[in-house]
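Colleague: Chains A and B, in that order, give the protein sequences. Under our numbering, read the first sequence as residues 1 to 428, first letter to last. Under our numbering, read the second sequence as residues 1001 to 1160, first letter to last.
It should be emphasised that the hints constitute simulated quantities derived from the structure, not laboratory data. For glycine and all other residues, C-beta sits at the position ideal for the given N, C-alpha and C.
Not the full set, but computed from the structure, chain A residues with beta-carbon under 7 Å of chain B:
| id | residue |
| --- | --- |
| 1 | H365 |
| 2 | D366 |
| 3 | D373 |
| 4 | A395 |
Non-contacting residues of chain B with respect to chain A, defined by C-beta distances greater than 10 Å in every case (computed):
| id | residue |
| --- | --- |
| 5 | G1022 |
| 6 | D1028 |
| 7 | E1050 |
| 8 | E1059 |
| 9 | V1082 |
| 10 | E1083 |
| 11 | G1100 |
| 12 | Q1101 |
| 13 | D1105 |
| 14 | E1106 |
| 15 | L1109 |
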Amino acid sequence: MTAVDTPAAASALDVAAVRADFPILSRTVRDGKALVYLDSGATSQRPRQVLDAEREFLEQHNAAVHRGAHQLAEEATDAYESARARIAAFVGADPASLVFTKNATEGINLVAYAMSNAATAGPDAARFTLGPGDEIVVTELEHHANLVPWQELCRRTGATLRWFEVSPDGRLDLDSDPITERTKVVAFAHQSNVLGTVLPVAELVRRARAVGALTVLDACQSVPNRPVSFTGLDVDFAAFSGHKMLGPSGVGVLYGRQDLLAAMPPFLTGGSMIEMVRMEGSTYAPPPQRFEAGVPMTSQAVGLGAAVDYLSAIGMDAVEAHEAALTGRALDALAEVPGVRVVGPTDLVDRGGVVAFVVDGVHAHDVGQVLDDRGVAVRVGHHCAWPLHRRFGVAATVRASVHVYNTPAEIDALVDGVRAAQKFFGVA
Amino acid sequence: MQLEQMYQEIILDHYRSPHGAGLRDPFDAESFQINPTCGDEITLRVRLDEGKVAEISHETLGCSISQASASVLTDLVVGRSVEESMRVLTAFQEMAQGRGQVEPDEDVLGDGVAFAGVARYPARVKCALLGWMAFKDAVVRVSGDVPGTAGGTSDGKDAT
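Chain A extracted, bound-state conformation (with noise of 0.2 Å):
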């Protein structure tokens, strides 16, 4: 069912040359074990490309963006607006349409206060107006970082909350589909960050576009791990944060279609974000300007662009197959242990690197516990994600993540650790 051994990963991809640019991972933890790192969902390593990206910015050319005349003003503002350009093209879109944010988590609620704000902001700002009648779509597999805002943004409107449920086979159920005539969001993940599943995202725009709702796409556990075109696949906005994809903490950026980002007011307001300013009142610069209000992120900036840089060079056909051999070969090994059970499709089709899983009669923090005394680290709990928990009527599940370092024999580790988890607590 599964594929153990991609060929052409295993050509593609150098593991060893790639693991020679993570400093971080020839370390050791807890009494000299070699470190194994599975928990690149929740954030990724860095290579020294993107460490000195950010450390030759600050060393030659730091100074405040878009402001200023001098030589490094000068010099920052065009190595922040390259990295906006390299990352753009990364992910199929124009730099206009791209607002550097702190995260995805503010890129999302950037959006989501922005329709709170269209209320009071003139006929342009119409389209994004909500109010009691009006609904927004979500799915059951969503993180809380794409549900919670949603969940405020119908209270501070008085619009309703609808979602998408989720197969026993952690598949989305379209079946179960809430989309109406009311519908005015519709806001999902690219891939969960618990099951691995890829959502089928053309369907969703199509049914949402069919009533002209507006598409919000979480691309946290998808950008870093295989190609993307935000424009290909025609979604109104998304998110990503620059931590999960070999990126700097501090960064993430918010993609909309420029049409709508012409016509949507501002969350955070201040600097840099203005046209012009007078004690009555003001009027606001066109996107991304508009939404990067105060001294924006530059370094970080910076590192995102080098780790595009990075990934490109390695190819993102070669990163998804490398993360589908080594989750297949996870699939296929959990497998065989008898007590174990993967929370999520056990098959690749549809499915990026995430591995969550339950071992019978042993909780996920004592299975995290055993595996992090061997060196393995991996995720336990609930993932931000506690409703697609419930859903699956457990509390927490171990997560095992990939990216491009992780090698075969890691995989094993994991399994080897899981294995001695049952053992320890007598389950096996």
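Fit chain B to the supplied structure of chain A, relying on the hints for placement.
Modeller: Chain B only, in chain A's frame:
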């Protein structure tokens, strides 16, 4: 090797056969506590009798540490005065939050000293305290305040 320091035999014994497990009637107050980081839950009931902790019962959906801790809690406070039980609670909390630097007093904590190893793992301290926070909260619900302690919250969020 480190694993055995944390999961001492006493803890594993309590985990396998937890004392006080299963909710019982009658009770004076009930507290429901969750660990927001992992979703673990405990429902704990307290019955007091003439200033003493007469009975504790609980239902714990959680890891071995949280289950064993609720079991040890039951052993340590049932039969004591409310005031004494709060002194034990304070000692347990100090040990659990002590990053391994606090030498536990076996005379006060009994089997609770086995959790000293947990204190070295900051991520697990909340697991060890979940039941204790539920106990404290339940006692507050009965008596309106906590004898023998000065202020402090009872929602479990002060755990780490």
